[in-house]
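Protein sequences appear in the order of chains A and B.
The letter at position 463 of the first sequence is residue 923 when you use the numbering used here, and the numbering goes up by one with no holes.
The letter at position 47 of the second sequence is residue 1167 when you use the numbering used here, and the numbering goes up by one with no holes.
These are calculated hints, taken from the structure and not from any lab test.
Careful: at least some of the hints might be erroneous.
What the hints assert, rightly or not - If you want the footprint, here are the derived chain B segments under chain A, 3+ residues with CB under 8 Å: (1) 1128–1137; (2) 1145–1158; (3) 1208–1215; (4) 1228–1241.
To be verified - Pair ranges (Cβ atoms, derived): (5) G782/A <-> A1220/B: 34 to 40 Å; (6) D629/A <-> T1281/B: 39 to 45 Å; (7) R1279/B <-> G782/A: 55 to 61 Å; (8) Q479/A <-> E1224/B: 28 to 34 Å; (9) L633/A <-> S1187/B: 32 to 38 Å; (10) Q479/A <-> Y1162/B: 25 to 31 Å; (11) L633/A <-> T1137/B: 50 to 56 Å; (12) P1196/B <-> G969/A: 41 to 47 Å; (13) L596/A <-> D1158/B: 26 to 32 Å; (14) F749/A <-> S1178/B: 48 to 54 Å; (15) L633/A <-> D1158/B: 47 to 53 Å; (16) D1158/B <-> E966/A: 46 to 52 Å; (17) G714/A <-> D1132/B: 42 to 48 Å.
Nothing here was measured: the structure is a model prediction, and the numbers come from that model.
Every residue gets a Cβ at the ideal spot worked out from N, C-alpha and C, and that includes glycine.
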Amino acid sequence: MTIRVFVARDSCAISVGAQSVSDAIVKEAAQRRTPVELVRTGSRGLLWLEPLVEVQTADGRVAYGPVRPQDLSGLFASDFLHGGRHPLGHGLTERIPYLAKQERRTFARVGLVDPLSLEDYRGHGGYEGLHRALDLEPAAAVQTLIDSGLRGRGGAAFPTGIKWKTVLDQASLPKYVVCNADEGDSGTFSDRMIMEGDPFVLIEGMSIAGVTVGATRGYIYVRSEYPAAEATLARAIEIARAAAYLGEDVLGTGRQFDLEVRRGAGAYICGEETSLLESLEGKRGMVRFRPPLPAVQGLFGRPTIVNNVITFASVPTIFADGAQAYRDFGMGRSRGTLPFQLAGNIRHGGLVEKAFGLTLRELLYDFGGGAASGRPIRAVQVGGPLGAYLPEAQFDTPLDYEAFAAIGAMIGHGGIVAFDDRADLAQMARYAMEFCAIESCGKCTPCRIGSTRGVEVIDRIIARQNPQANVDLLRDLCDTMIAGSLCALGGMAPFPVLSVLNHFPEDFGLARLPELKSE
Amino acid sequence: MLWEAKNDMAQDNVVATAVALHSHRPGGLLPLLHEIQDRLGYVPRESVPQIATAMHLSIAEVHGVVSFYHHFRQAPPGRHVLRVCLAEACRSMGSPQLLAHAREVLGVGLHETTKDGALTLEPVYCLGNCACSPAVMVDTDLVGRVDAQRLDAIVEQCRGTA
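The whole structure should be built from the sequences, with the hints applied where relevant.
Below, the structure is given as structure tokens:
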């Protein structure tokens, strides 16, 4: 029997050599006259082990990694095709603790299936959700989503069902479904992994949205930094359309819904939903005032659902398994699971899908294994460039939207970037303001001017010029930006800055504030 | 190299094709500009009036869009574009030092092209490869776990290829 071997086609895996490993497997197998069937999948998300090679055995898939092309002759010699022992071996993939301890629902298929095989997708539960949704009255479908407790995974955590209900209740036609795939937060890559590793789940989630609220057209706005995701999605849409999952008559139900991929152009601000809509309309990505909400007047002035990739990708499982099954995961008002992303200076970087409620420390150490450098983790930025830098004293905070908000932090899109004790956080605070200045759309003054002034004031503090007066000025400026900015870019860029002032003042050459010592 | 070496006539053809393909699409300006840049490497200033006419926009509006987005270039780049990620995750793994090395090896600053025309150096803010930091992108190829040695190899390869 031909043995099946799996290597990821995910761009992260390719970026560290998966293509040459895949080529080497084919070559070595041919030389040894050993027939193998090479399957290219998404990544398992154990990214420190990429390029990861898996072999199908009677007991399950056995993992080897990180594999280099020159390791192949040794692996063949160790009979890895039958799960033979080798220094790069990790045993059964599913039993690797990093994976075994996860609760994969949204990412259930990623790494297992060929991303562009509709048979694989359906064979692993795909499109059950759409079939269920098509049988439901729109109001009941929206209620299912409300009952699941799903909140927007892009970062704002707005209840998804409420958003869909608002669009459903609008009389204006046509309606649109827009997927925000402008994953610009540093430390995040879960959207990319879904788009490259299981594109049909996103297409299915958007289709459910479309048939539920009566939208006939959807757009996926993918950032230009993700060419592989864009190509995979475009192909997946063609395949879905050919199988009547998309088009003028979805699965013979008489309902119409079709999708198109649109490429962004390197503007972080277009991850903000109104700016994204402007960009989709072919304009500068300038933030809109609201109201009106996009659900009422969105794309081309029509009612529009705008959700993040992970939000849409979480929808099919909710419809397939029921709202309660999803709701059973999580804590407080944070229901279900979140695919966390461990990044930066971390030993075991990768994707960890878990129910809300575990602590940052568990993620950093039980999963992440501490800093990649082997030094202590000194600070962690959660939730992207607008998220606070957290000191070790806050590592026991449970990952829950409300618990994070209570300490002036945010979970955002679930990106977690670790820094070791060599990090200069004053420079990171400066970078937060610099990034805001580079990426500001320019519409509102606090963000446009404030960010540039912020860099200047921070430079003066770092240069020890009248530090106390400049710190007061910086705090005042942060207040203005938080209170006066039109959107989250200017409104939240001060959070990383303030967190460094509060928790790591020594990096600015300042004394620690006494009341913060006890935290 | 990603794009076609162009004379003026061929350039006009690219713009005309892009206009024909995209000007009728709702919100078609970004796809149109991408089409041009994908093929020419940049959006020539002299194409802006033609695009504006086709899209029923003013020249200022089209220029405003081209200049708003970091991705769109208004001048031709080198044969290859090397983008070094400067966002937080890559910073935590030393991307500022990697950038300093790149600048030294290439003898250029950000947004500049080497004298031999081989490479344009650009910053990028996240490539979605944050668990394999630091990351760079060469044209459309993502590269992870980049150190000075690996960067040298990339530069060498770019200099040796069209």
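The hints, checked one at a time:
1. 1128–1137: violated (count 0)
2. 1145–1158: holds (count 8)
3. 1208–1215: Since three or more residues must qualify, the claim that chain A covers the segment 1208–1215 of chain B holds, with 6 doing so at under 8 Å.
4. 1228–1241: violated (count 0)
5. G782/A <-> A1220/B: 34 to 40 Å: 54 Å, violated
6. D629/A <-> T1281/B: 39 to 45 Å: Because 57 Å falls outside the window, the suggested range is violated.
7. R1279/B <-> G782/A: 55 to 61 Å: 58 Å, holds
8. Q479/A <-> E1224/B: 28 to 34 Å: 30 Å, holds
9. L633/A <-> S1187/B: 32 to 38 Å: 35 Å, holds
10. Q479/A <-> Y1162/B: 25 to 31 Å: Once the Cβ atoms are compared, 29 Å apart, the range 25 to 31 Å for Y1162/B and Q479/A holds.
11. L633/A <-> T1137/B: 50 to 56 Å: 34 Å, violated
12. P1196/B <-> G969/A: 41 to 47 Å: 45 Å, holds
13. L596/A <-> D1158/B: 26 to 32 Å: 42 Å, violated
14. F749/A <-> S1178/B: 48 to 54 Å: Violated, at about 23 Å.
15. L633/A <-> D1158/B: 47 to 53 Å: 34 Å, violated
16. D1158/B <-> E966/A: 46 to 52 Å: Given range 46 to 52 Å: holds, Cβ gap about 48 Å.
17. G714/A <-> D1132/B: 42 to 48 Å: 46 Å, holds
Of the numbered hints given earlier, the model fails hints 1, 4, 5, 6, 11, 13, 14, 15; all others are met.
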